[in-house]
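Colleague: Okay, here's what each chain looks like letter by letter:
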Amino acid sequence: MKVSSHALILPALVLSVACLSQRANSQAKTESKTADAAVSGKVTIKGKPAAGIVVGMRMSRPDDFAKTYKAKTDSEGVYRITKVASGSYLVAPVTPAFVVADSANSPQGQSVIINESENVDGMNFDLVPGGVITGKVTNSEGHPLIEERVTLMPADESNQRRSLSISGMTTDDRGVYRIFGVPAGRYKVSVGDPRFRGMNRRKVAVQTFYPDATDVAKAGVINVEEGSEANKIDITVGEAPQGYSVTGRVVDGDSAAPVANVSIQLTTIEIIDANNTRRSSEYIDVRSDAQGQFRLPNIRPGKYELTIYPPEDSDVRAEAPVKFDVFDQDVSGLIVRTTHGATLTGTVVFEGSKNNPVQIPAQMWIMVYTRNEGNPGISSGRTARVKPDGTFFAGGLSAGIANLNVESPMPNRGFTLARIERDGVVQTNGIQIQNGEHVSGVRLVMTFSNGSIRGVVRVENGTLPPAARMMVQLMKAGEQMPLPRGAEVDGRGHFLIEALPPGSYELRVIAYAPEWQQQRRPPISAKQIVTVNEGAATDVTMTLDLTAPPNQ
Amino acid sequence: MKRLFLSFSCAAIALSFLAVSAVAQPQADETSNDSAKGSINGRVVDQNGQPLANAMVSVRGYGNTQRGGTAATDREGNFKVDGLDPFAYIVTATLPTYIATPRDPDATPLGFFRVGDTTRIELMKGGVITGSVKRANGDPVVSVTVRAYMIRDNKGQPPRYGIPMRARQTDDRGVYRIYGLVPGSYIVSAGGLGNVNGYSIDQYGSDVPTYAPSSPRDAATEVSVGSGEELANVDIRYREELGHTVSGVASSAVATDQPNGFNLTLTSTLNGTSQANYTFFQPPQARGFAFSGVPDGEYDVVAQQYSPAGGWIVSEPRHIQVRGADITGLELIAKALASIAGSIMLEESKLPECAGKRRPLLSETVIGPWHNEKTVPKDQPPFLYGMGGPTVPDKDGSFVLRNLAPAQYRFNVRPLAKYWYLKSITWPSGTAAASPKSPAPDRPRDAARNWTNIRTSERWTGLTVTFAEGAGSMRGQIDPGEGKKSSGRVFVYLSPAEPDKAEDIVRYFVSLAAEDGSFALTNLPPGRYWVTGAAAGDSDSNMMSKLRLPDETELRAKLRRDGEAAKLQIEFKPCQNVSDYHLGFK
Chain A
1 MKVSSHALIL
11 PALVLSVACL
21 SQRANSQAKT
31 ESKTADAAVS
41 GKVTIKGKPA
51 AGIVVGMRMS
61 RPDDFAKTYK
71 AKTDSEGVYR
81 ITKVASGSYL
91 VAPVTPAFVV
101 ADSANSPQGQ
111 SVIINESENV
121 DGMNFDLVPG
131 GVITGKVTNS
141 EGHPLIEERV
151 TLMPADESNQ
161 RRSLSISGMT
171 TDDRGVYRIF
181 GVPAGRYKVS
191 VGDPRFRGMN
201 RRKVAVQTFY
211 PDATDVAKAG
221 VINVEEGSEA
231 NKIDITVGEA
241 PQGYSVTGRV
251 VDGDSAAPVA
261 NVSIQLTTIE
271 IIDANNTRRS
281 SEYIDVRSDA
291 QGQFRLPNIR
301 PGKYELTIYP
311 PEDSDVRAEA
321 PVKFDVFDQD
331 VSGLIVRTTH
341 GATLTGTVVF
351 EGSKNNPVQI
361 PAQMWIMVYT
371 RNEGNPGISS
381 GRTARVKPDG
391 TFFAGGLSAG
401 IANLNVESPM
411 PNRGFTLARI
421 ERDGVVQTNG
431 IQIQNGEHVS
441 GVRLVMTFSN
451 GSIRGVVRVE
461 NGTLPPAARM
471 MVQLMKAGEQ
481 MPLPRGAEVD
491 GRGHFLIEAL
501 PPGSYELRVI
511 AYAPEWQQQR
521 RPPISAKQIV
531 TVNEGAATDV
541 TMTLDLTAPP
551 NQ
Chain B
1 MKRLFLSFSC
11 AAIALSFLAV
21 SAVAQPQADE
31 TSNDSAKGSI
41 NGRVVDQNGQ
51 PLANAMVSVR
61 GYGNTQRGGT
71 AATDREGNFK
81 VDGLDPFAYI
91 VTATLPTYIA
101 TPRDPDATPL
111 GFFRVGDTTR
121 IELMKGGVIT
131 GSVKRANGDP
141 VVSVTVRAYM
151 IRDNKGQPPR
161 YGIPMRARQT
171 DDRGVYRIYG
181 LVPGSYIVSA
191 GGLGNVNGYS
201 IDQYGSDVPT
211 YAPSSPRDAA
221 TEVSVGSGEE
231 LANVDIRYRE
241 ELGHTVSGVA
251 SSAVATDQPN
261 GFNLTLTSTL
271 NGTSQANYTF
281 FQPPQARGFA
291 FSGVPDGEYD
301 VVAQQYSPAG
311 GWIVSEPRHI
321 QVRGADITGL
331 ELIAKALASI
341 AGSIMLEESK
351 LPECAGKRRP
361 LLSETVIGPW
371 HNEKTVPKDQ
381 PPFLYGMGGP
391 TVPDKDGSFV
401 LRNLAPAQYR
411 FNVRPLAKYW
421 YLKSITWPSG
431 TAAASPKSPA
441 PDRPRDAARN
451 WTNIRTSERW
461 TGLTVTFAEG
471 AGSMRGQIDP
481 GEGKKSSGRV
491 FVYLSPAEPD
501 KAEDIVRYFV
511 SLAAEDGSFA
521 LTNLPPGRYW
531 VTGAAAGDSD
541 SNMMSKLRLP
551 DETELRAKLR
561 RDGEAAKLQI
571 EFKPCQNVSD
581 YHLGFK
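Chains as they are written, first to last, in this note's numbering: chain A, 1 to 552; chain B, 1 to 586.
Next up, chain A with everything else stripped away, as it sits in the complex (with noise of 0.2 angstroms):
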């Protein structure tokens, strides 16, 4: 498999793992571990050393307080990246305009596990040049659309979900755009992508995909090869329909007072086919007035759906989203209603650790998703904010079963949520809530873990074809759901599972390979349970019989 190789940048996500940060022990742990391990290897250019390339690395998991490395290429091809501390990296040239031939990687760079004072060399790579892909979109009068965003997909049926992320991709005053650095494929190019459409961006109202199509069924196929530029792949976009007011009233369910000062949520409903629906929401900058009167104009044709979003530590929410469809003409007359929902008041409380002081992160929230038993597609999410006094306050809810997640800016660092306390009992599935209920005594304890798992697979009894790729999932033992705490195995075999709490784990190694695939093997997996100890690494040597029967 092609992939390309891009400068390593990780889009600063908010990641929603159930862990949180902790910053005088992270500290402590970076500034203990010395740093003198090196990586080096060879980058080529269609098998020629290639000089001057820069090559970086970053952690597998970044986080606000990781460190990142570089190093250039000398004229035999060779790269050395010295000082690096032990942990999970990704390593992987920065070359736009290439890329990486090499099949076993994914596209963010290849993954080394690296030990303290470790020399680990071989992480080669060899490049190929990309293709290009460069047009001009325009309107049907022939005006440029500027700043519009060009999304490149795979041709593939199966695959077009997934869309890629390479240089080049808005179009600039002219309307120009010019991609860069493509594995060769065969794409279909488009602009107006629902998921990348921000506020401004009214111009494009339909994905139109080259050259003017607005079914990808229609779409023109572009091939791409090693080096090669497909130009005036243009793009002509059709006249938008035209827009309609929509207003209407926010009132209390109860009373009919009207409710003041909230942003409306507007969700466009889109019907793909018989069964599938996408829902996609933007954000508009609308509120209800006095009179909690609002007024959203410049809305098409299209289905919808109106609720709102109250400020935060209030309890109102309302009763049930409006659907609502507009056709060739203003809408008017919705009604909102909201009622006040239920409330549930909590504490973060951190377990620490004989040795560690316990520091609140500075930004902390819990993301409370209810589920209604009586419609289980339904759920609805709150985000609560945790003060520096360890409260939190989430209102609005519906009634249903609770799950809380606690969220933190930075990943995993040294915390978990250990339990759910209510009232002082254990919530094992979630807290009920009642309609219009007050949920108070609810604790969220955070136990201190960084414990972690060093590993190796060994594999036996043959090796693993060119193409395969080594994953590891964890579980707490006795349970039958992963944590999403896997890893991936580098190429050496190696793995690295950190910041876990101490206990017992099932580990289970897994090997996947498309040459397996086609000749319909199932994957093969093996299991081993490990136990974690606070603030050590637990070191684990498991075997990969190839061999042995996929029943596991």
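Worth flagging that the hints you see were computed from the coordinates, not collected in a lab. Any given hint could be a false lead.
[Stated by the list, open to error] Straight-line C-alpha distance at most 25 angstroms; calculated SDA-like pairs for lysine to any residue:
#1 A:67 / B:196
#2 A:48 / B:136
#3 B:374 / B:136
#4 B:378 / B:159
#5 A:83 / B:549
#6 B:80 / A:517
#7 B:125 / A:506
Quick caveat, the model's predicted, so the values are computed rather than measured.
Add chain B to chain A, keeping to what the hints say.
Modeller: Frame of chain A; chain B shown alone:
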């Protein structure tokens, strides 16, 4: 997780006080309904008057961004934002590749709008700079960040609140294209000044920036770009020289509830003037900040943090010299900026001729701090002064001017009701006036006539702005001399004719005559005035602000002398409107 670059939005608010070009229709303020909600509507056009569709118009309350709304223009360029409470609003329009036509502060002295106003916003096409970045051997430099810095506007002035910069990356051929540029003089650089963080690798971030054509900063070629112009072949031959690192930690002297991380700004200076700003965001849990690829030179480093409750906290700038080595271990401690709290007093008139006149709406009154850039401490980067924006008083007339960087200040304020005038701006009488021997007090009794000196983190209360009822107004026409047409810009001045009022700064007025020669002067304190007209010199701009600058004593004295020589005097009795005044002009 907030990565707010609010420093830019605050500067933008201060800038838009100057930069919005729009014309407000005169208000029939006798009949306006104070408590009704209303709308602001208008049209967005280009320099040729052609409508611009799909422009985003943003209406934001002064100092209160919760108020307002946004709207897109339709095919005719028209927009309407409704549901607005009476307030002072800034209206800005944006459209990719277009820039705001700089507001002429003489033609439209009011930088803000009120409910019921109709506006015409003119945008002009920005300029384009394009070229390629290549190595000495001709290889393209791919995905390098190219930055264009505007070091002077098209009037030759350095920008007041710091150097604007736009950046784009090169493509696989090394070609870059930067559009939407404000007309002016630019220098262009490639590479360097990378942020060192845990997420991304900037392959050119450790290099020293290379300026077009292939130089360090002091040998950079300046290029000029006009509106709608495309400047091609601004090529850069990339020098691969490693720069140095400037690193440290920013922290806060003020306990904050919700720490947002810090914005670090590294301002390079050349010959004492600010050249460019580089920023780095230190997130809340990070180890610190680090700029890489810093060339040798002199810099100021400042850390800022924004907290929704308390406004900005800013560190003292650290002046550093990079000379062949990294600079590490900088500690920047951010403190609160200065603030001035005050109130607006209204003095009603008991005179019968002023009965039944509308009072000024406090929600439509804007008080703005104006700093004296001539005496700003050398190490304070200009962008800091964009943080202290204007504010609108509360219902009871109290206001706070926040986020003031250390400087000398005066205050811009005017009542918008027809029969009211600005009587005085004062500090409490405890702060005595200076004698010729002692230095000027920091807070003089007459804060209109004298600068107020504000130092770091000072918090002052008691600034009183007094509006009094009884203003006069005049409308008139300039009569050109026989056989001559009046051409060019003409200013009409009023200066106090009564000798005991000569130092009363609030009695000096100026207005730019319209193309047809008509002019209007409003909100005038009752009394006698000299009327003079003068053709505008090339450097005469923003005259109303200039007239009120404490240092411009000679300008005001000259106006009085010219007035005495021309012998054109006018007297305004309380609430008197003079219309159809003809001013002969040679």
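Colleague: Run every hint past the structure and note whether it holds.
Modeller: Structure-based check of each hint:
1. A:67 / B:196: holds, 8 angstroms
2. A:48 / B:136: holds, 21 angstroms
3. B:374 / B:136: Roughly 44 angstroms between the alpha carbons, so the hint for residue 374 (chain B) and residue 136 (chain B) is violated.
4. B:378 / B:159: holds, 16 angstroms
5. A:83 / B:549: Violated - the C-alpha atoms of residue 549 (chain B) and residue 83 (chain A) are around 59 angstroms apart, more than 25 angstroms.
6. B:80 / A:517: violated, 59 angstroms
7. B:125 / A:506: Distance of about 63 angstroms is beyond 25 angstroms: violated.
Hint violations for this structure: numbers 3, 5, 6, 7, all remaining hints satisfied.
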